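Colleague: Listed below, chain by chain, are the residues.
Number of protein chains: 2
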Amino acid sequence: MIRLDSTAAGFAHAFDALVNDRREADADVSRDVAMIVGSVRREGDAALHAFTQKFDGHDLNDSGWRIERADCEAALAALDPELRAALELARDRITAYHEKQRPEDMAMTDAHGVRTGARWRAVDAAGLYVPGGRAAYPSSLLMNAIPAKVAGVERLVMVTPTPGGVVNPLVLAAAALVGIDEIWRVGGAQAVAALAYGTDRIRAVDVICGPGNAWVAEAKRQLYGVVGIDMVAGPSEIVVVADRDCDAEWIAADLLGQSEHDPTSQSILFTDDAGFADAVADAVDRAIGTLATAQVARAAWDANGAIIVVPTLDEAMPLVNRLAPEHLELAVADPQPLFDQVRHAGSVFLGRHTPEAVGDYVAGPNHVLPTGRRARFASGLSVLDFMKRTSFLSCDADGLAAIGPAAVTLATAEGLPAHALSVALRLGR
Amino acid sequence: MIRLDSTAAGFAHAFDALVNDRREADADVSRDVAMIVGSVRREGDAALHAFTQKFDGHDLNDSGWRIERADCEAALAALDPELRAALELARDRITAYHEKQRPEDMAMTDAHGVRTGARWRAVDAAGLYVPGGRAAYPSSLLMNAIPAKVAGVERLVMVTPTPGGVVNPLVLAAAALVGIDEIWRVGGAQAVAALAYGTDRIRAVDVICGPGNAWVAEAKRQLYGVVGIDMVAGPSEIVVVADRDCDAEWIAADLLGQSEHDPTSQSILFTDDAGFADAVADAVDRAIGTLATAQVARAAWDANGAIIVVPTLDEAMPLVNRLAPEHLELAVADPQPLFDQVRHAGSVFLGRHTPEAVGDYVAGPNHVLPTGRRARFASGLSVLDFMKRTSFLSCDADGLAAIGPAAVTLATAEGLPAHALSVALRLGR
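Protein chains in written order, with UniProt numbering: chain A, 1 to 429; chain B, 1 to 429.
Calculated from the structure, these hints are not laboratory results.
Computed from a predicted model, the values in this text were never measured in an experiment.
Beta carbons: idealized from backbone N, C-alpha and C, even for Gly.
Hints may contain errors.
Claimed, not checked - Keeping only pairs whose Cα atoms sit at most 25 angstroms apart, straight-line, the calculated SDA-like set for lysine to any residue is:
| id | chain 1 | residue 1 | chain 2 | residue 2 |
| --- | --- | --- | --- | --- |
| 1 | B | Lys149 | A | Asn321 |
| 2 | A | Lys149 | A | Asp110 |
| 3 | B | Lys100 | A | Asn321 |
Claimed, not checked - Now the in silico label distances, taken between C-beta atoms and shown as ranges:
| id | chain 1 | residue 1 | chain 2 | residue 2 | range |
| --- | --- | --- | --- | --- | --- |
| 4 | B | Ala9 | A | Ala34 | 37 to 47 angstroms |
| 5 | A | Ala9 | B | Gly152 | 30 to 40 angstroms |
| 6 | A | Ala303 | B | Trp65 | 33 to 43 angstroms |
| 7 | A | Gly113 | B | Pro81 | 19 to 29 angstroms |
| 8 | B | Asp302 | A | Ala34 | 43 to 53 angstroms |
| 9 | B | Asp105 | A | Asp314 | 45 to 55 angstroms |
| 10 | B | Glu315 | A | Gly113 | 30 to 40 angstroms |
| 11 | A | Gly113 | B | Glu99 | 14 to 24 angstroms |
| 12 | B | Gly415 | A | Ala303 | 44 to 54 angstroms |
| 13 | A | Asp181 | B | Asp340 | 47 to 57 angstroms |
| 14 | A | Arg286 | B | Gly179 | 25 to 35 angstroms |
| 15 | A | Arg102 | B | Asp340 | 33 to 43 angstroms |
| 16 | A | Gly415 | B | Asp302 | 13 to 23 angstroms |
| 17 | A | Arg102 | B | Thr109 | 11 to 21 angstroms |
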């Protein structure tokens with residue numbers, strides 16, 4: 001953890017370092033992924049079989065390539081009732097929020113009778129990557145699948161590695177709850193390549209979403225354009241802006257909630273009170289030892305944590321915008337004036353009683369958010385990621401007579417005579 | 001040009017070949033671009049200077065790095081009045097269409113008083129790539145710049161190569177007309193890298209859009225994630241669905257309007273009348289020789305043109321959806337029933353008096369559209385490409401009491417104790 005004072009000499013330099021620290025994957029991953037993707041494109045299921053044997057340690061022909069719907073239904077039926085109720089609450093609230101994102105078609109007719117507009121349609125098929133092992137989160141499955149369902153995607157295909165052939169019952173239960181259509185026991189860059197190009201067994205999809213390790217993220221990046229992807233994901237981060245009237249233990253828990261995800265996660269506190277900064281630092285140290293995730297949380301906090309003292313919280317906001325954080329908590333009594341100053345953030349959590357974690361699970365907005373300063377240009381996952389817009393144009397003879405001559409002029413000036421001809425012929429020229 | 005009959009033996013195989021013919025850039029381009037991008041990232045302006053000397057044949061320190069606003073204003077003042085009026089009509093109609101795309105903020109409050117929503121903001125800066133030489137189209141500049149302006153982007157930066165130091169006055173005039181803030185005389189992959197990473201002279205932008213050759217397109221693809229990009233662009237294509245009541249010469253001109261862009265462009269006609277197919281093929285052959293663009297148009301038509309005869313036009317529509325074309329003309333008296341069957345297309349041109357070229361210039365909808373079957377998952381350029389959404393969440397103590405316990409349950413089940421703790425502390429547990 002580094003401790004900075006925005007009024008101290010050298011702050012600008014130290015803060016620049018924090019902003020530009022991308023914590024990204026290296027070139028080796030990129031080469032490995034290109035090799036894996038190429039193999040799957042050329043050899044299809046045979047490559048999937050070989051990579052799964054190598055990386056996940058099981059033979060797909062023995063363990064089975066698919067997880068059946070019946071297995072998911074059984075996992076759901078066997079679920080602890082409290083857990084099932086929590087998942088259902090999450091599903092219902094996430095659905096309600098995302099239903100408000102459905103885009104409206106547009107149509108307009110001008111004075112010449114020229115009709116223009118746009119029409120939205122869902123993609124035909126979406127692929128969901130669900131990590132295996134420690135990071136197999138049913139909440140992620142809900143957050144990725146529900147926007148696709150709300151968009152109206154007809155075929156939802158999940159891929160997930162099952163190291164040693166072992167499946168995660170909680171993930172299977174969530175798959176039953178949201179209505180996944182196919183589940184394949186493959187993971188890594190090879191699963192992403194299979195979804196993008198298709199194999200004999202797995203038909204190609206149009207959009208691939210979902211979290212994964214550096215190999216999965218790099219495979220999605222390399223295959224962007226062959227398919228649509230949700231986003232280029234990097235390590236996760238939170239910025240908390242808090243005044244001294246907050247409970248230091250609450251804020252410490254918020255910072256640790258980010259740190260416990262991964263050693264590359266980043267947690268940053270801005271506060272206007274040096275004493276409160278000390279109190280939070282102490283509370284983090286006390287809480288961290290009590291966590292089952294202490295090892296990861298401590299590694300992340302030590303390497304990437306920061307506490308920054310500013311003269312006033314207003315002065316923190318330009319710094320926050322430079323960080324363009326994935327998650328931003330404004331833990332003050334009246335957060336709106338600070339929120340009005342936010343230009344770049346994935347999701348904002350307003351007020352003292354809105355810990356980021358409640359948004360991770362049950363509030364409604366999506367928890368798949370732009371990381372690594374990408375909130376400067378990118379948005380969280382939404383229904384729009386599973387839809388596309390077709391524009392349209394309709395002229396009758398009168399409409400074309402009104403606007404066509406300008407098109408002929410411009411096409412001619414651009415040296416495109418067939419463009420000009422296609423309009424001029426219809427104008428009777 | 002290939003001629004197919006959808007009822008003939010071997011059609012499925014031949015059509016598959018047409019669908020899967022991606023006409024894409026090769027791996028050499030990818031390696032070259034990675035080298036250029038790396039150089040610009042490390043060496044900044046020195047790399048820009050060297051690459052411009054090498055590829056564009058002029059010394060930036062002699063010709064000047066920037067094109068000044070005054071030069072653009074002078075080009076606009078010197079413009080032929082008819083051309084200026086055509087550009088102004090285009091600007092006004094494109095602006096009117098894109099103003100309808102501005103997204104609305106969203107907010108909702110549930111029965112527990114939990115407030116959720118989303119807020120849209122423009123990106124801070126956008127970079128526009130404008131090709132030099134033959135493909136320097138003022139219409140493209142309008143189509144790329146206007147959505148950014150409508151979104152509210154404060155800094156619009158144009159990059160354009162000026163081979164031999166020569167500028168295109170029509171492009172400069174268009175830049176003045178839409179209000180570009182900075183213009184730099186650099187092009188190719190090196191210009192894209194400069195916009196993404198920034199150099200001493202050129203500050204980095206958040207989104208890069210605009211057409212370019214294979215190197216430019218590959219640079220954008222490689223830098224996706226460092227910045228936002230409009231799309232992965234490939235060769236352009238049109239599909240025309242026409243019955244025999246169309247004028248064969250009109251349809252031939254429409255097909256050639258696509259073919260004249262580039263030798264890799266593709267034009268495909270579906271018709272339900274073999275005699276009309278013959279007439280169009282003959283009309284293409286007659287018209288092609290009259291064009292100043294004959295060489296390019298003939299190369300494209302010979303290599304990538306197709307005429308496909310189907311028993312009925314309804315039967316063409318599933319085939320059209322498999323092609324997911326960038327442009328689709330439905331040249332029939334009543335196009336709506338066919339349009340209702342379109343699932344995947346960038347932009348659709350309805351009826352006999354709506355040549356695609358009128359949409360390229362003055363109708364209003366954007367002409368930057370997904371190519372190479374990407375209309376399955378991607379949309380044309382819009383105001384949304386220059387904006388991003390920040391979601392928000394606000395709970396008071398009562399709201400958190402209502403939904404927080406489910407978050408604690410799920411966080412605990414996922415093995416994330418600090419997540420659970422951050423909620424539980426606020427619940428007084």
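Colleague: Against which earlier hints does the structure fall short, listed by number upward?
Modeller: 2, 3, 8, 9, 12, 13, 14 and 15
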